[in-house]
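A.B. asks: This is what each chain is made of:
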Amino acid sequence: MEASEILHGLGQAVFDYDPEAAANWARQAVAAKLDPLVALAALTDAIREVGDGFACGELWLPDLIAASEAMTAGTTILEAEIAQGSAQQTGLGVVVIGTVFGDIHDIGKNMVVILLRAAGFSVHDLGINIRAEAFVDAAIRYNAGLLALSALLTTTAPEQKKVIGLLSEAGIRERVKVIVGGGGITRGFADAIGADGYEPTAPGAVKLAKQLLAV
Amino acid sequence: MPRQGFTRRTSLQMAPDEQINSLHEAALKVLEETGIRFEDPWALAFLARQGCAIDEASFRVCFPRQLVESCLAQAPKDFILTAPNPANDLLMGGDRLYYSHSSGMQTIDLDTLEPRRPSRSDYVDCIRVLQALPHLDHLGCYPYFGYDELPDVMAIPAGVAIHMQYSDKHQMTACSNDAELFTFQMAQALGHEIVGTIGSSPPLTWSSGAVTSARRIVDAGYALTTVDGAMMGGTGPATVPGSVIVSTAEHLAMVVLVQCLRPGHRMLIGHFSAPLNMRTGSPAFGQIGASLSNATFNQLWRHYGLPLSNGSPGYVSAKGIEFQAGYEKGIAAILAALSGVNSMLLHLGVSSELSAHPVQAILDDDIAGMVGRFISGEEMSQETLAVELIQAVGPIPGHYLSRPHTRKWWRKEQFIGATTDSLTYPEWLEGGKKTALDYARAKLTEILAAPEQRFTTASQDADLERILAEASDYFGRRT
Chain A
1 MEASEILHGL GQAVFDYDPE AAANWARQAV AAKLDPLVAL AALTDAIREV
51 GDGFACGELW LPDLIAASEA MTAGTTILEA EIAQGSAQQT GLGVVVIGTV
101 FGDIHDIGKN MVVILLRAAG FSVHDLGINI RAEAFVDAAI RYNAGLLALS
151 ALLTTTAPEQ KKVIGLLSEA GIRERVKVIV GGGGITRGFA DAIGADGYEP
201 TAPGAVKLAK QLLAV
Chain B
1001 MPRQGFTRRT SLQMAPDEQI NSLHEAALKV LEETGIRFED PWALAFLARQ
1051 GCAIDEASFR VCFPRQLVES CLAQAPKDFI LTAPNPANDL LMGGDRLYYS
1101 HSSGMQTIDL DTLEPRRPSR SDYVDCIRVL QALPHLDHLG CYPYFGYDEL
1151 PDVMAIPAGV AIHMQYSDKH QMTACSNDAE LFTFQMAQAL GHEIVGTIGS
1201 SPPLTWSSGA VTSARRIVDA GYALTTVDGA MMGGTGPATV PGSVIVSTAE
1251 HLAMVVLVQC LRPGHRMLIG HFSAPLNMRT GSPAFGQIGA SLSNATFNQL
1301 WRHYGLPLSN GSPGYVSAKG IEFQAGYEKG IAAILAALSG VNSMLLHLGV
1351 SSELSAHPVQ AILDDDIAGM VGRFISGEEM SQETLAVELI QAVGPIPGHY
1401 LSRPHTRKWW RKEQFIGATT DSLTYPEWLE GGKKTALDYA RAKLTEILAA
1451 PEQRFTTASQ DADLERILAE ASDYFGRRT
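Residue numbers (the working numbering), protein chains in the order written: chain A, 1 to 215; chain B, 1001 to 1479.
Bound conformation, chain A alone (with noise of 0.2 angstroms):
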């Protein structure tokens, strides 16, 4: 089968929101020795151009969060291809993300990750209900240059500052920048907590975390 076919068809299968179809050509692609970078950057392609219609209005919630499953059926056997290869995977920079402790809202923070997978970050997404301590172990863990909290309730926002404290008493607040986001948050609860930014919408976060990482 032509290299081609196979970028096409995992691509296709994001647009078509078919998980089995983007596994299949994954599949694909590693028994037809293709670099998994590259058939991982047509999985990227696709997401991305969904990210865009979401971001402009022409496709909604259920499409994007339908591609990304699509997407990640496939990204998950080509990136166990990379762990064995020699392939390196390069991006713009890591982020962990999470929602914070008592809090399991995750459609906002899950939008965030696709979008940011999309853009080309690589992106640990630890769920939800996170304690602020498992936060800062995955920064370190992962070398994050960039941690994003969500907070839907007003109730769990307070988690958020509770984690920046946690950075400082680690050491690693200069090197980790921290954008928080939800349904409760403000930009003033943003600066009061001293956070680096804050972002209502799920596009913006993208712009957000590529302004604070200089990428």
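The set of hints was computed from the structure by calculation and includes no laboratory data.
There could be a bad hint or two in this list.
Stated by the list, open to error - In silico BS3-like pairs for lysine-lysine, Cα to Cα no more than 27 angstroms straight-line: (1) LYS207/A to LYS1434/B; (2) LYS210/A to LYS161/A; (3) LYS1433/B to LYS207/A; (4) LYS161/A to LYS207/A; (5) LYS1319/B to LYS1443/B; (6) LYS1443/B to LYS1412/B.
For chain A, the structure is supplied; the task is to place chain B on it using the hints.
C.D. replies: Quick look at chain B alone, frame taken from chain A:
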């Protein structure tokens, strides 16, 4: 394939059937014992031949119950109204809901909200907007009562010509003051179908002009809309049931005349009643009384089965494009829609019959869509119950966002208005705190910035000009 409109899955019940039947019985009693005044010698003679009792001195016509009921049975329960573009044909009747627009004497200045005489360009722009709006299914009378220096008597023919030039939607037109002599010529010249509208003169009266127009409409083979207009406490009883009886008796009298003239002729029954404003003496548009009247009238006429129109949702007491206009129209629209109307005037009217503006129509189109979505109700099927999906997703961390079922259904289930602000609060602040009115103004600019579409050929334009010149001569000679 007619326009989709909206299909009602549920209906509002204002009263038990036996009480609704008492309205029917009362209307028959009024028709039989009090009678209807027909100020037209031809109508008196014609109805006498059908078995009605006539008092020529008072122009009263009393209708035997059997005649009324047999004529009601003859009137079609649903019918097609063809539009210049077949995709805009209307299937009038049953559970179908379509939207049309109201009208105003003048337009308004958007910055001051003050009325002013529209120009021809304002008129054309308004029609272009009505053509573009997705939920505006057919054009009604006017939208403005003239423009520039056009003599008032030419407002109807000139307006009909502009409708034909700038829209391919079906249009209904007022028949008044002999305007139909020319509007029907225009329709025939272009091969269009048009609906003629006549109004009663409440209480319990049909003028000679209305009868003459009705005969012309029937002769032309066009569908006929009869519109009542009792103002509760003024030209009708202050009570809703009483006023509905007056309106019903007026319509039934015209149903008899038309069905005797041509059995099976298509008729649309238009209710346009409102309480009288007891301080000013003008119609209290937008009051809940108007909706009570629509809902009661609609329930009664659903039993008769003839297609129904409601006019009052398009007219409000608000003075500008603001909150009062929104709630007056929104409440009136949902109640009329739920109670069974087939065609509703909703868009365009800004303040009573004084003013209208296309920006208001853009806002109203969102009300139309939202109400339409509601009356469309819910499909209950294996797929919408989604039990298999619920089981597959399970509790947290499961979610539905990525499911094909969500992508398939969410747009069908939701209605997102073109002028609805649905940003997050911070986005709204950063976007300049836009209101629905700002969005509507932007939409107006977008619609009018599109290339102007004409729906008539040069030779059709020439026909329209010729007929308008004849109309101008006719009305000039008459004055």
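A.B. asks: Would you mind marking each hint as holding or not holding in the structure?
C.D. replies: A quick look at each hint next to the structure:
1. LYS207/A to LYS1434/B: 23 angstroms, holds
2. LYS210/A to LYS161/A: Judged against 27 angstroms, a Cα distance of about 22 angstroms means the pair holds.
3. LYS1433/B to LYS207/A: Distance ~22 angstroms between LYS1433/B and LYS207/A Cα, so the pair holds.
4. LYS161/A to LYS207/A: 23 angstroms, holds
5. LYS1319/B to LYS1443/B: Holds - the C-alpha atoms of LYS1443/B and LYS1319/B are around 22 angstroms apart, at most 27 angstroms.
6. LYS1443/B to LYS1412/B: 23 angstroms, holds
Comparing the model with each numbered hint stated earlier shows that all of them hold.
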